[in-house]
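Participant: Okay, here's what each chain looks like letter by letter:
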Amino acid sequence: MKLLGALLLLLVSSQAQAYGYPVSNPFLATIAGTPPGCRAELGTAKIHEAVFGLADERNRKAPDIFWDVKTPRFKFAWQQSKAPLMVIIAGTGGRFDTAKVEDLKKIFYQTGFHVLQLSSPTSYDFIVSGSESHRTGLSTPDSANLYKLTQQALKRVQSQSKLEVSDYYLLGYSLGALDAAFVAKIDTDEKKVGFRRVLMINPPVYLQRAVSNLDRLLLADVPGVDDSTSLFNHYFDRLADYFRHHKSVDLDASMLRYVDKSVGQLSNEELALLIGMSFRFSVAAMLFTSNAMTLNGKLLPDGKRLKLRDSKTTYLQRAMHCSFECYVESVLLPAVRQNDNETTLQALYEQSSLTTLANWLKKTDHLGVMHNADDLILDQSGLDFLYDTFGSRARIYPRGGHLGNFLYKDNVTDMLGFFKHGHFPES
Amino acid sequence: MVTSLKVRKPIWLLAFILTSVFTVQVNSVERLTYTNPLNQLKYHDKNDALLNQGNEQQDPLSFLDVYDPLESLNRYVFYFDRVMDKNLLKPAVNLYKTITPVFVRSRVSGFFQNLQEIPSGVNSLLQFKMKQTISAAFRLAINSTVGVFGLFDPASAIGLHHRHNSFANTLAFYGVGSGAYLMIPLIGPSSVRDLAGMVVDQQLESQINLGSIPEVIFHQPEWLVLYGINYRYTTSISYSDFSSPFLYDLIRFLYTRKRDLEIMVVDDQPF
Chain A
1 MKLLGALLLL
11 LVSSQAQAYG
21 YPVSNPFLAT
31 IAGTPPGCRA
41 ELGTAKIHEA
51 VFGLADERNR
61 KAPDIFWDVK
71 TPRFKFAWQQ
81 SKAPLMVIIA
91 GTGGRFDTAK
101 VEDLKKIFYQ
111 TGFHVLQLSS
121 PTSYDFIVSG
131 SESHRTGLST
141 PDSANLYKLT
151 QQALKRVQSQ
161 SKLEVSDYYL
171 LGYSLGALDA
181 AFVAKIDTDE
191 KKVGFRRVLM
201 INPPVYLQRA
211 VSNLDRLLLA
221 DVPGVDDSTS
231 LFNHYFDRLA
241 DYFRHHKSVD
251 LDASMLRYVD
261 KSVGQLSNEE
271 LALLIGMSFR
281 FSVAAMLFTS
291 NAMTLNGKLL
301 PDGKRLKLRD
311 SKTTYLQRAM
321 HCSFECYVES
331 VLLPAVRQND
341 NETTLQALYE
351 QSSLTTLANW
361 LKKTDHLGVM
371 HNADDLILDQ
381 SGLDFLYDTF
391 GSRARIYPRG
401 GHLGNFLYKD
411 NVTDMLGFFK
421 HGHFPES
Chain B
1 MVTSLKVRKP
11 IWLLAFILTS
21 VFTVQVNSVE
31 RLTYTNPLNQ
41 LKYHDKNDAL
51 LNQGNEQQDP
61 LSFLDVYDPL
71 ESLNRYVFYF
81 DRVMDKNLLK
91 PAVNLYKTIT
101 PVFVRSRVSG
111 FFQNLQEIPS
121 GVNSLLQFKM
131 KQTISAAFRL
141 AINSTVGVFG
151 LFDPASAIGL
161 HHRHNSFANT
171 LAFYGVGSGA
181 YLMIPLIGPS
191 SVRDLAGMVV
201 DQQLESQINL
211 GSIPEVIFHQ
221 PEWLVLYGIN
231 YRYTTSISYS
241 DFSSPFLYDL
251 IRFLYTRKRD
261 LEIMVVDDQP
271 F
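Chains as they are written, first to last, in this note's numbering: chain A, 1 to 427; chain B, 1 to 271.
Okay, chain A solo, but in the shape it has when bound (with noise of 0.2 Å):
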């Protein structure tokens, strides 16, 4: 009977054990992130942090329109003593402040690191100054101007007061996670900041696959809602919210109070407009800046440059009926073939995949990725592909969506141990 009960107490343990993220719909999980009184404590003492420029990258060439992010510019939190620090690079879209960067500092910081918060390489702000080209969303050059940023941020930082950091920590989650695995490549060539580890949170694993996925949900047919206008109306209160606090147009949880009040109403349908939409506007300003930038591409006649004055109305609107396939072939595939006329689009989209680092990744033990098997940017090879490359590196999570669930206790856990032990914790 002894054997008995020590048994009946393992099965209870194994049930209690069983993930508890609560929202099983990964499209809502997308939307409304982890219900607050699931969430992991994001403490509330004071953090000291500023946001810095680096004066001498300033780009004095772009146009007027973009006087406010002329200047490269990053966030950076310190503490008082000697501490790791972990480096965050934002998602599609995302400035270095946006909300799901600030939860994540908010972590780290309270556990004790430093946090260095970069912004996607997509964002408006680097379009115009973190990138030599302007156009971004290619994951070895990205990745390259992000290391260069990298360094350029902690040297800047040194030079004001003396920072003594301990060891360095890589973080990054969607888009971002990708771009980390390619800037922790870099780094290992490189040894020039020596992560010591680094985190990808639901990264795509092939580029084609996440961002067809994304421009798919745009297709979903909601009953009513047979043009934009008629959507917007549906939704506009929760949209007015979400841009305000996202500082990007980039999937947050913070439109939960929102979303909350109707949310049973909502089909899933509704949902992935929602969440194709606000993409889309991710891609239409990085359309419209990449153009502008380089005074040419499709939204505008060569050489205009365009002035505070000019209306930009219409080039929003001609830039939203652009979808991520579409900025790829407009605006990257040229300028690649620039160099190499050979390239296809299928080769460029292999160039900015995790695939294309299988073989590295396999046997970089100080590299983790963490993801969900009901994400949105991801298919059935993609989820096996993360398996058989990463094994034990690899943590899974039955639901969550696309990052729906990276404020979860369990998952901030896990984010934890891994950064502290290398390996996740025992489930």
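Hints were generated in silico from the structure; no laboratory data involved. Predicted model, so just to flag it, every value in this text is computed and none were measured. Don't take every hint at face value.
[Said to hold, decoys possible] For lysine to aspartate or glutamate, the following DMTMM-like pairs were computed, each having C-alpha atoms within a straight-line distance of at most 20 Å:
1) B:Lys-86 x A:Asp-64
2) B:Lys-42 x A:Glu-270
3) A:Lys-148 x A:Asp-187
4) B:Lys-42 x A:Asp-221
[Stated by the list, open to error] Short, incomplete list of chain B residues facing chain A, as computed with Cβ under 10 Å:
5) Tyr-79
6) Gly-188
7) Leu-250
Backbone N, C-alpha and C define an ideal beta-carbon position, used for all residues, glycine too.
Following the hints, complete the assembly by docking chain B onto the known chain A.
Facilitator: Frame of chain A; chain B shown alone:
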């Protein structure tokens, strides 16, 4: 028979539990299958996509159009406002927050809000909203006396909450459209109707001149500065909260739609 049953039952149970435990163990190392959420959705035909211009007459993004004949000028003012907000207003509010405790700031905002009861009440009356008119009158009476010139808000404690109303809303109530969109120096987004409403409301405060307070505020620079700082302090939104090359369009769109909603909400309230 009885004894053998006694013996066999736990064995069966044990076998069952062992199997369950084994399954659980296996499951925990088993790979998860991709759930393919995109297959759960119903889709339009590709040609009917939301953003495709199937209908040539109407741009599907026409919701972004706002009547803005002064756009070039507005865009300059918008630039001026962003620079001023960054370099003057926000630093002033930060200084204000550093040198005063929350308690003081709440008293200041209560004081200015109390004065707003006058236009709120008058405009509710003009819109035949008797309940709100009476509520505003009682709030003004209670908070100006028991609440010491509005420094405290005992009216809320007895269930009379502040409901902002304005002459711009009254104009809308009588069917006046918003007119051209305007960017106003230091104040930000507005419209011809909303600007006119603001001027009338301020005149209303000055004319009624409760306890000579509005006269003092609008004629003494140090009071006007405090009025301005409090105005910015109580506005939670900031241009730099957004990061987009389409900021002007976003703000214009959000402001216009926010006003539409406010007017809808005011119209919905019971008389």
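Participant: Does each hint hold? Answer for all of them.
Facilitator: Okay, the hints, checked on the actual structure:
1. B:Lys-86 x A:Asp-64: Roughly 17 Å between the alpha carbons, so the hint for Lys-86 of chain B and Asp-64 of chain A holds.
2. B:Lys-42 x A:Glu-270: At roughly 11 Å apart (the allowed maximum being 20 Å), Glu-270 of chain A and Lys-42 of chain B satisfy the hint.
3. A:Lys-148 x A:Asp-187: 11 Å, holds
4. B:Lys-42 x A:Asp-221: 6 Å, holds
5. Tyr-79: 5 Å, holds
6. Gly-188: Nearest chain A Cβ about 14 Å off; hint violated.
7. Leu-250: OK, holds: Leu-250 of chain B within 10 Å of chain A, min 6 Å.
Checked against the numbered hints given earlier, the structure breaks only hint 6 and satisfies all the rest.
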